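Here are the chains, one letter per residue:
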Amino acid sequence: MERIGEDFKEKIKKTAELLKNRGLKKPGGEAIRKLIKENHVGEFLKAERLREKDLDEIKLEGGIAGVDGSINSIGGVYPYIIFIKRALGISSEKSREEIELSEVDSPLLMEEQIKEEDYRALQKKRLAELEAEAARQVLTKFRPRVLFLDGSLVRFKIEAKSRFDQIKDIALKNDVVIAGLVEGISTSVISGSINKGLPPEFKHAADWEILMGAMDVGEYLEIKSGLFKEGFRTLFMRSSLDPKPIGVDILEEQKDYTRFIANLVYTLTPENGRGIPLWMDIVDKKVKITDAFMEAVINGFLGEDFAEIIKPKREKRNP
Amino acid sequence: MNVVGLTTSHEVYIASKERKFRINELIIIDDPNQGPVIGEVSETFSYNRYIPFSLNHDFFDAKVVESLKRLGYSIDEEEINVAKVKLMTETTYPIVTGSKARIPDFFEVKDILVRGSKEDGLVLGEIKHTEETAQTMGEELKGLFYILNKGKTEKTKSVPFILDLRSFQQYPHIGIFGGSGSGKSFGMRVIMEELMRKRIPSIILDPHYEMDFSTSSDLGERPDFSDCYQKFQIGEEIGVEFSALTTRDLLDLLSAVKPLTEAMSSAVEILFKRGDTYASFSSRVEDLCEALEMGKAKLDKMLALEGIKEIEKEKYRRLRELMEEYSNIPLPSVQGISWRLRRLYYSGIFSHDINPVIRALKSGKLSVIQGPIWLLQVFATYILSSLYRKRRDYKDGELKGEKNFEYFPPFVVATDEAHNFAPKGYDAPSKGIIKEIAQEGRKYGVFLVLATQRPTLLDETVTAQLNTKIIFRTVRGNDISTLMEETDLSSEEAKRLPYLPSGDAFVSTPLFGRTIAIRVRYPYSMSPHLKNPFDELIEKSNQEMEEYYELIKKELPIYESNLLRVAKNISSQNLKVVMEVNALKNLLEEMVKKGKIKKEESPFGSFYTEA
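Protein sequence lines correspond, in order, to chains A and B.
Just so it is clear: in the first sequence, position 47 is 47 by this note's numbering, and no numbers are missing.
For this note's numbering, add 319 to where a residue sits in the second sequence, where the first one is 1.
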């Protein structure tokens with residue numbers, strides 16, 4: 001792409017300009033905070049780093065655990081494709097074995113053909129179920145003090161209802177705090193509640209955009225109970241220097257632990273990082289399957305010739 | 320430990336979570352198809368995927384890592400160790416990825432590590448990073464010597480590095496390279512000790528006066544070297560036999576004092592006659608000098624003079640003849656020769672011969688030749704040529720079946736600062752003989768051990784002939800590139816050269832066919848120069864204090880009012896000491912400070928008394 005047509009360039013320029021203008025219209029941090037307070041959306045609070053004593057206590061009570069999942073697909077055009085799903089549960093207690101669950105599927109093996117979106121949706125659901133199962137095993141085998149899950153807790157409630165109910169029961173019975181960590185916030189609850197004070201461009205802005213730049217490092221907004229996500233408590237937190245907040249869900253029944261979880265998340269997040277606790281990065285890196293590994297495994301088990309057949313032509317394109 | 324990643328038939332990567340790798344370790348890879356393959360670690364890495372090297376996001380935060388540790392999760396344990404392993408011999412096919420790798424048992428790698436027995440070889444040190452392999456080694460090779468490790472001496476736990484003496488026949492010469500403080504001198508000392516233990520006739524030129532083996536290092540058990548070596552000072556115990564000198568030798572000797580001009584050289588050539596003794600040659604030079612100073616006219620006048628003694632007349636006649644004979648030699652040249660000759664004479668060099676060295680060599684001893692560097696170089700030329708000739712004549716005679724040559728043993732020639740003896744680019748008297756030994760010494764069983772801190776300045780022909788090279792820490796870039804050209808040192812190893820700890824060295828030898836990293840053993844003896852000059856000062860002053868204390872002890876207690884009498888007493892009793900009141904007072908105060916005596920007050924003034 002050596003040359004860009006004039007027309008093309010013009011269009012990009014125009015859109016970029018519009019986006020910039022929109023951004024300029026966003027009310028400042030103070031104004032946003034005021035709107036949020038006036039509309040009783042929630043309360044701004046300051047998290048504190050846990051002291052060594054607190055950490056020692058958590059360790060004594062079972063430490064922390066984390067569950068994450070990953071999904072890879074290899075092959076060509078649907079349905080010539082193989083899905084590999086993996087869920088992993090680890091504990092900060094080194095002596096505990098990791099809990100690893102996996103599932104490998106291909107639409108070619110289904111009795112009847114279904115549409116690609118449906119199949120993909122199904123895979124997503126299966127992954128949530130796999131993760132929930134890993135979480136259940138973590139709770140029963142590790143008995144941690146805190147269990148971090150990757151993504152919103154609502155996702156589990158929707159995608160893996162029965163497993164999630166089991167998890168909840170065990171957690172409540174054993175007083176294990178469950179927290180879902182959301183890196184990419186997609187909700188837009190705040191803008192809905194304060195929209196009267198917002199310029200038209202921001203009436204439907206996502207929560208992360210509203211809060212971006214409105215909080216200090218370590219500060220979090222605890223959303224008023226019942227405002228959204230029924231059965232859960234949600235807080236948005238700026239846990240690192242990165243101005244984009246992350247989301248944290250906990251069970252409504254465990255609302256007394258909100259502050260504790262906020263502090264723990266803040267303690268475990270690298271200051272220069274993107275806001276996700278290092279602990280979740282560790283789980284994420286452990287569970288992720290690299291493409292090279294995938295390919296090696298598939299080639300190994302399927303035979304290179306067969307693997308070659310399902311590969312799309314575009315992959316054989318010269319670079 | 321497993322083979323990971325892309326493999327080739329000469330290089331693989333292995334990774335391990337539990338074990339850290341060290342450079343130069345030997346590793347065995349059990350390839351399922353090709354059997355066990357031996358390799359050597361050439362580079363090591365360690366990687367922790369949770370502590371990424373990233374400047375713009377998720378930068379390492381020590382506080383968070385510490386918090387996780389507090390919770391029981393230590394991120395350090397997630398470290399992955401990776402080693403690049405070079406295979407000893409190329410395999411037919413690339414190594415299978417995933418093959419198991421392990422630390423070899425001694426018997427599996429014996430041939431790679433040990434060539435020769437401790438009885439028939441020079442035990443120079445330990446092969447680095449072989450502790451694990453050494454555990455399965457036979458008892459006869461274990462704990463042969465001491466190693467200096469982090470300031471402490473301890474018995475070696477590794478595989479010994481043995482340089483087989485028999486291999487000298489094939490690979491005769493050794494080079495030792497390294498900057499100051501690199502352990503080069505220790506290396507030389509260890510080689511000398513080993514030669515003495517094996518009773519190999521050797522000669523070492525010692526410009527630094529450091530080759531003494533009587534001071535023992537701090538090791539408990541040690542062999543006694545006292546009858547294994549002899550020290551010779553040029554001019555004191557050994558020298559040159561003037562009548563055996565050739566014109567060339569004499570020219571070298573004279574120019575060692577100060578370089579000769581061309582006129583002087585040709586004057587020497589004219590004046591020196593084969594078979595001259597020192598007396599005959601020097602009187603010829605002196606007389607000519609006198610004759611030229613007087614001049615023809617004055618000489619004729621003196622000869623014509625009436626009433627002088629016949630003996631004097633005889634002298635003038637002789638001078639006159641000399642003048643006739645050497646009329647074309649200018650006076651300054653003769654004067655130049657004259658003072659150089661005198662300086663040589665006063666060094667004592669012409670009053671001795673090299674027979675003591677020959678006797679020492681024949682009895683299998685190490686001869687340490689000491690002298691000032693200006694003399695040592697020329698003397699080295701003379702003595703090495705003489706000894707080499709003797710050995711060559713004997714061997715050639717033996718070949719030709721002639722029995723009339725006296726037996727002369729094979730021997731080793733060693734020197735530090737070898738670049739002075741065989742410099743590159745310009746001529747030095749000793750260069751010729753060292754080059755000759757380097758090139759054909761093998762035939763006659765004459766071997767070189769040359770040490771230098773500047774390989775770049777050493778004559779190339781000589782460097783090329785040094786088959787075994789022991790390379791200590793080297794910092795200079797051009798020296799490193801010289802060494803790389805001359806050895807099979809890899810670029811990775813060359814990169815490590817400036818950072819080698821003192822005493823560590825690479826040995827490049829055709830005998831092993833690869834570069835071996837060694838740590839030189841701790842010597843049994845110590846250089847007399849190793850005492851710190853500041854310790855020496857303190858020791859010296861303590862010693863003096865002790866001597867003075869002995870002197871004044873008898874006079875104690877000493878009243879301040881009485882100092883004059885005491886000073887006189889001390890001076891009168893000891894011829895060597897002249898003590899006056901102020902000096903005595905200072906001395907007494909000094910002793911009080913050091914706690915040797917104490918000062919007390921009394922009604923009669925203060926006095927000094929025993930502590």
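Simulated from the structure, these hints should not be mistaken for laboratory data.
Careful, some of the hints might be misleading.
Claimed, not checked - Within a straight-line C-alpha distance of at most 27 Å, the following computed DSS-like cross-link-like pairs (lysine-lysine) qualify:
1. A:Lys46 with B:Lys681
2. B:Lys419 with A:Lys288
3. B:Lys681 with B:Lys754
4. A:Lys285 with B:Lys754
5. A:Lys285 with A:Lys244
6. A:Lys285 with B:Lys403
7. A:Lys37 with A:Lys244
8. A:Lys244 with A:Lys286
9. A:Lys46 with B:Lys382
10. B:Lys709 with B:Lys754
Said to hold, decoys possible - Not the full set, but computed from the structure, chain A residues with beta-carbon under 8 Å of chain B:
11. Ser92
12. Leu268
13. Lys285
Claimed, not checked - Quick partial rundown of chain A residues pointing at chain B, CB under 7 Å, derived from the structure:
14. Leu55
15. Gly63
16. Arg163
17. Thr267
18. Pro270
19. Glu271
It should be emphasised that the depicted structure is a prediction, and the values quoted were computed from it without experimental measurement.
Glycine is no exception: its CB is placed at the ideal position from the N, C-alpha and C atoms.
Evaluation of the provided hints:
1. A:Lys46 with B:Lys681: Violated, at about 91 Å.
2. B:Lys419 with A:Lys288: Roughly 25 Å between the alpha carbons, so the hint for B:Lys419 and A:Lys288 holds.
3. B:Lys681 with B:Lys754: Roughly 24 Å between the alpha carbons, so the hint for B:Lys681 and B:Lys754 holds.
4. A:Lys285 with B:Lys754: violated (64 Å)
5. A:Lys285 with A:Lys244: Holds, at roughly 22 Å.
6. A:Lys285 with B:Lys403: holds (25 Å)
7. A:Lys37 with A:Lys244: holds (20 Å)
8. A:Lys244 with A:Lys286: holds (25 Å)
9. A:Lys46 with B:Lys382: Holds: A:Lys46 and B:Lys382 sit about 19 Å apart, inside 27 Å.
10. B:Lys709 with B:Lys754: holds (17 Å)
11. Ser92: holds (4 Å)
12. Leu268: Interface hint status for A:Leu268: holds (6 Å vs cutoff 8 Å).
13. Lys285: It holds, given that the least Cβ distance between A:Lys285 and chain B is near 6 Å, below 8 Å.
14. Leu55: holds (4 Å)
15. Gly63: holds (5 Å)
16. Arg163: violated (26 Å)
17. Thr267: holds (5 Å)
18. Pro270: OK, holds: A:Pro270 within 7 Å of chain B, min 3 Å.
19. Glu271: holds (5 Å)
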